[in-house]
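Place chain B on chain A using the hints.
One letter stands for each residue in the lines below.
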Amino acid sequence: MPEIVSLREAVADHIHDGNVVAMEGFTHLIPFAAGYEVIRQGRKDLTLVRMTPDLIYDQLIGMGCARKLIFSWGGNPGVGSLHRFRDAVENGWPHPLAIEEHSHADLAGAYQAGASNLPFAVLRGYVGSDLPKHSPAIKWITCPFTGETLAATPAVRPDVTVIHAQKADRKGNVLIWGIVGIQKEAVLAAKRAIVTVEEIVDDLAAPVNACILPHWVVSAVCHVPRGAHPSYAHGYYGRDNAFCRAWDPISRDREKFRAWIDEYVMGTRDFAGFQAKLGAKQLA
Amino acid sequence: MANDMTYTPTEMMTVAAARKLHNGTVCFVGIGLPSAAANLARATHAPEVVLIYESGTIGTKPKVLPLSIGDGELAETADTVVSVPEIFRYWLQGGRVDVGFLGAAQIDRFGNINTTVIGPYDKPKTRLPGAGGAPEIASAAGEVLIILKQSPRAFMPKLDFITSAGHMTGGDSRARSGARGKGPTAIITDLGILTPHPETKEMTLTALHPFATAEQAVAATGWPLKVADKLERTEPPSRLELEALRELHARTARAHGQQAEG
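For the protein sequence lines, the chains are A and B, in the order given. Just so we're aligned, residue 1 is where the first sequence starts under my numbering, counting upward by one. Just so we're aligned, residue 1 is where the second sequence starts under my numbering, counting upward by one.
Chain A with its partners taken away, still in its complex shape (with noise of 0.2 Å):
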């Protein structure tokens, strides 16, 4: 049974430095709060995996917290590029970034057979592409049935998923739902899972076929109201697009940059003192 505990100890029990990371969620539940923990802790050498690393990815890579990325695609939705991940690929900035690229059909391949217990998942695709010439990740196998050539690509074992859901009951059941993304199989691909939530709640009174994660699978549950914040959590709040568009100019300059995030990450004591400083600054 996970234990309900703080954003604070769920991180500082589950995320060491140098582990495989996945924070993961499709443009819908991105765990925000749980990344600025992780900057706010100061772990490093992490290989981060992520299908869409967004906002919180480029801040973490640009606090240096990275060491590698595996990932198929990586943009601030609706607005641009990611300029933290740029200067760090482009320039080495804060320092080297090692990449393992894939596409979605693959990295969500990957995370399933991870969540299988196999060693690589198989597709049809990657035809004609330059990606299997430049990623190690991707290899040509031989159907032993049909003689077909196929992509492979080796099974994603995070130490530990991170992700955010709608509730949670008080063992520690999870539901999620609206796009769902890879987190089901994420988590379950998983040695460790941390999941954040809106709420905790004595009955989830979810339908029979909805997406649950049982408590026995999840490490830690911890309670982080708007916790994927300015990403968006269906049935509680939509996505701040003013924020995401903001963060545009902020990343484009090194020291603007470091200077939001001392202030706004380094400089508050959790997710619920950055909100309220976040909060401040917006109604200011």
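Rather than coming from a laboratory, the hints here were simulated on the basis of the structure. Where hints are given, some of them may not hold.
[To be verified] Rough simulated footprint, nothing fancy, chain B against chain A, three-plus residues with beta-carbon under 8 Å:
1) 89–101
2) 118–129
[Claimed, not checked] Straight-line Cα separation of at most 30 Å, DSSO-like style, residue types lysine-lysine; simulated pairs:
3) Lys125/B x Lys256/A
4) Lys139/A x Lys149/B
5) Lys44/A x Lys123/B
6) Lys133/A x Lys158/B
7) Lys133/A x Lys182/B
8) Lys149/B x Lys63/B
9) Lys68/A x Lys125/B
10) Lys123/B x Lys256/A
In this text, a Cβ means the ideal position worked out from N, Cα and C, and glycines have one as well.
Chain B only, in chain A's frame:
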């Protein structure tokens, strides 16, 4: 460009792209211009077009254009929402998609797409977002439509990186490759429409928008663009098409608090 246009080249591009989708077509939609065109088709001549976004939303009917591929609007208005591995495995790789509708950063004369890097891969001049779902869409969809503004920086003689395959090296190279779909059947631009030559598969200018000239299209292309002997003229946007597109953008701007593209 003519001064008396009552519509913009971008609007013409979006309208011309929307006309390529038929009622009932199952379309896997990229974000941005493809999404605008697909939803315009749904608002006009193809109300039963089935739109799929890679976030797992199937049969989605957004009232406003999504800002991201996974906006809540897409989930709320979908027939069903499935996981990301399911959308790629059962629905796209499974062969359920008629048309893949893509944008691109750069393209070459065979409709190959680069969304990965400009410059060398290991020391890129510009790091682009990467593949996303495009390699599998380009490979597995029955056919591919590409919508992209024409310029020498986007229409490249040689790509630094092929992210998603079009007609590869031309001729029968795609047919021999094992890719399931037909590949790009049209590139719709702000000047006209390029379609593959039946044998060489080189993307050839076969239609011009009402305000454009073949010379403009050639000048906006980084390779020596082949021009069909007999060029079609795109019908200008009808009042209905233009009004539907502008209403869609106005609703979108109100919802997101900003101006959308296309």
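Going through the hints against the structure:
1. For the region 89–101 of chain A, the stated coverage by chain B holds: 3 residues have a C-beta nearer than 8 Å to a C-beta of that chain, and at least 3 were required.
2. Coverage of the region 118–129 of chain A by chain B holds in this model, with 7 residues showing a Cβ closer than 8 Å to a Cβ of that chain against a need of three.
3. A hinted pair counts as satisfied when its Cα atoms are at most 30 Å apart, and Lys125/B with Lys256/A qualifies at roughly 23 Å.
4. This hinted pair does not check out: Lys139/A and Lys149/B have alpha carbons roughly 35 Å apart, beyond 30 Å.
5. With a CA separation close to 24 Å, the supplied pair Lys44/A and Lys123/B stays within the 30 Å bound.
6. For the given pair, Lys133/A sits about 17 Å from Lys158/B by alpha-carbon distance, which is consistent with the 30 Å threshold.
7. Annotation: proposed proximity of Lys133/A to Lys182/B holds, straight-line Cα distance about 24 Å (limit 30 Å).
8. About 25 Å separates the Cα atoms of Lys149/B and Lys63/B, which keeps this hinted pair within 30 Å; it holds.
9. About 20 Å separates the Cα atoms of Lys68/A and Lys125/B, which keeps this hinted pair within 30 Å; it holds.
10. A hinted pair counts as satisfied when its Cα atoms are at most 30 Å apart, and Lys123/B with Lys256/A qualifies at roughly 25 Å.
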